[in-house]
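Protein chains: 2
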Amino acid sequence: LFDVLINHIRRSPANFHVPGHKQGQAFDEAGKEWFASVLQLDLTEIGELDDLHHPQGAIWEAQRLAAAAFRAEHTLFLVGGTTAGNLATILHLCRPGEEIIVQRNCHQSVFHGCMMAGAKPVFLPIEFDHNGMEEPLDPDSVRQMIQKYPRAKGVVITSPSYFGIVQNVREIAQVCHAHQMPLIVDEAHGAHLGFHPRLPQSAIDQGADVSIQSTHKLLTSMTMSSMLHTQGERVKIGEIMRWLRMIESSSPSYPLMASLDLARRWIATRGFEELERLLTSLDHFRGNVKNYSFIKEVSVLNPRDPLKLTLVADHGVSGYAMADWLNKQGIFIELADHQKVLFVFSVGTRESDLVRLDRVLKRLDEEIPRFPIQPRIDFPRFSIHTQAKVEFDELRRRQRRWIPLSSAVGEIATEMITPYPPGIPLVLPGEELREEVISFLSEVIRLGGNVRGIRYSGTPSVEVLV
Amino acid sequence: LFDVLINHIRRSPANFHVPGHKQGQAFDEAGKEWFASVLQLDLTEIGELDDLHHPQGAIWEAQRLAAAAFRAEHTLFLVGGTTAGNLATILHLCRPGEEIIVQRNCHQSVFHGCMMAGAKPVFLPIEFDHNGMEEPLDPDSVRQMIQKYPRAKGVVITSPSYFGIVQNVREIAQVCHAHQMPLIVDEAHGAHLGFHPRLPQSAIDQGADVSIQSTHKLLTSMTMSSMLHTQGERVKIGEIMRWLRMIESSSPSYPLMASLDLARRWIATRGFEELERLLTSLDHFRGNVKNYSFIKEVSVLNPRDPLKLTLVADHGVSGYAMADWLNKQGIFIELADHQKVLFVFSVGTRESDLVRLDRVLKRLDEEIPRFPIQPRIDFPRFSIHTQAKVEFDELRRRQRRWIPLSSAVGEIATEMITPYPPGIPLVLPGEELREEVISFLSEVIRLGGNVRGIRYSGTPSVEVLV
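Residue numbers (the numbering used here), protein chains in the order written: chain F, 548 to 1013; chain P, 548 to 1013.
There could be a bad hint or two in this list.
Put simply, identical chains are the same to the list, so a pair is met inside one copy or across any two.
As the list claims (entries may be wrong) - Taking lysine-lysine and the DSSO-like style, the derived pairs with C-alpha atoms no more than 30 Å apart in a straight line are:
# : residue 1 : residue 2
1 : 667       : 936
2 : 700       : 875
3 : 936       : 783
4 : 909       : 837
5 : 843       : 579
6 : 579       : 909
These aren't lab readings, by the way, just hints derived from the structure by calculation.
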């Protein structure tokens, strides 16, 4: 696809089509320095450039090469992120009223897919430790859920998690397939898996029917470009495409699509060597972290994603406070919550970046004893076992009102309530707002955390059913 | 927003967050020439970069500046194209089973919005002339539809059309508002309107409640970036945002958003002068076209969009044949159908582009008599008055099968069937496949046109209800 784009522009074609910047001929002067070269590739469905939503040429070929590189049967390029792939897959699997088995701490887009499909999610229980790190699913718990909900249309899990926790996809896939159920893996954080022996295997390699990967997050494509991989007969690629045509733009971005093509070429040809370099550097770096006095890496069971590093501080210093201090030193991290900070490394991480980070973390470690101490607040573990009191389909027909968060105990939430990042909903629409959840959310807000679904103007407030 | 991005990267921050290319540090070597500069801006929700789905800083401010430039009350940046705006607006307005009044030849995303909402579209009749050019809506026909469907949740029209046909938005808005109904204008092709006295006024200037504009099509932002403008109390911007959070990626692209910010600055500061230059050049160019022997511009009533040029050839030469010939000369156009070819000009069109086009068109005009002659096929006018036999909500629960197109008379279509471009569905899911429509589609396919919703492997086939 990239080559076809370059061949097109090398012909110096005359442009009487959209987009209106005409390959950069009209663009803000100050912006040209950053945009001019990519605007030459910002084209539309003309000549040999094919059509994402009905691929037959360059895009079809680029997707075929990607399927080969990621060892899938079919691969689709996504321009609406992993969000679009999660939505389309669930809309394909579920008709209104049908059940689907979902890991309770999935990304919000999985729940959005259920809401749009009118599907009824039933939840795989998840346990968290005192640092808010999830424990991997027990394949037996998946079996029990399937036996309890044998008519469910599929099982949706997240692996790896934001923090690099990897599920036993192989055994979970075997359990699903023994019951003729497709396994969908939201692998947003795992596009690099399987490209080095020290990394966990990819979901597709372990037998998942569908995996959706944010190629932009851990590999090298542009933000918002992802891939959806499938294998086997339990899902229909044509039906997933039908839903993608509805959800995604009818003017998909060629720079995004070309960056997926280039990310595939990069990982297929240079991946092993670059991952080898990165993993060696990270071993050395982690050795240094072990020597800090107050900052510790949160330990995670293997298999794990070594490209994620989660740090907590003794002394009850919040992740928000550490992140603020790091930002002031020019260190920008992936996320902070009330307990911890998360660093994301990738094939784009250089040795010099790690040297700089180590130097700054050493200083943080020295400063930590002088940070204000916060009471530790624990993740409200109970909340993840609750079930909706009002189902999604009914919820859309009901009246709503905004009330102060502090007086919402016992009310039914209408919005997803999601401390962000990591974007995993604590309360789903239709669930009762329990006292413990409300006091946890109030505490997160007080410590400076960002909670989506809560309105902040003055008193924090929440929308509930009338 | 652009300035905040530049300020961020000027600090040389250390990057321990997504995306994985780390501002271009890992990227395909051949691709760097085109992507390296924009990858520096391909960032995520860190530091001062705000959050599209909960804007409070730079994005909030960029949207406020856009609202001022486009004279709207609120403006939202869209990264999922006008598609995302159409979907979110319809999902906001309609609960399952509710009616909405829709211009029959809307873009497919409007119908997709109805399908996802479970809404029931009722259609404003549209007439086409023998060239397949629509006639503007009569505001009286809108009034009649509102009187017939007084509980409808809104009216959705397209203005301007792909071919530059502009609706009487002001009078239609008055009719809608007299009945407390919001008017939604799919203004995908009209982001430039209102920025020069010789252009038609924008939908917002004429009183529309919502207009959704593909800023990338006629202005200068990157493909897939659009804006949604609202005014008044008949629609709730907060509810539209709620649906956008569900439909759009949770990792929106900063280059796309920054390009919207820059497109706003460009049109607000340089728009008049550049449009003046363009319109003067186009006057001169159109004067030349008048002198051709066999090629004619299709005449359209005023007000019209002067940035669109539709040509037909005498002698029954199809648009496909003309487009193929033009492609061979390095001239790439917006669309061809069985009758006509469409050229899109914009502020990015230079005088030299028009000189080149005139030179090539003169040669085409000389060659036309030697082109193979096709029988003229007319647009099947009847089809636009049909109504669904099976409603969207029921359709999702029914079984389907593929059959040859030629034997599908009387069957119920399950897919939208859309000659593409321009992407306006001829048959909607749930409609009966009538003989006249099938013979028109067969003819379009035979002439080399592209019809979405038809499967081409061997005999053209179509999916219908069992």
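For each hint, the structure was consulted:
1. In this assembly of identical chains, residue 667 and residue 936 lie within 30 Å of each other by CA distance both inside one copy and across copies; the values are 12 Å within and 28 Å between.
2. Taking CA atoms no more than 30 Å apart as the test, residue 700 paired with residue 875 passes in neither setting, with 48 Å inside one copy and 50 Å between copies.
3. In this assembly of identical chains, residue 936 and residue 783 lie within 30 Å of each other by CA distance solely across copies; the values are 27 Å between and 33 Å within a copy.
4. Taking the shortest Cα distances, residue 909 and residue 837 sit within 30 Å of each other inside one copy (11 Å), while across copies they are farther apart (75 Å).
5. Taking the shortest Cα distances, residue 843 and residue 579 never come within 30 Å of each other, neither inside one copy (44 Å) nor across copies (38 Å).
6. Taking the shortest alpha-carbon separations for residue 579 and residue 909, neither the intra-copy value of 40 Å nor the inter-copy value of 35 Å comes in at or below 30 Å.
Comparing the model with each earlier hint shows violations of hints 2, 5, 6; every other hint is respected.
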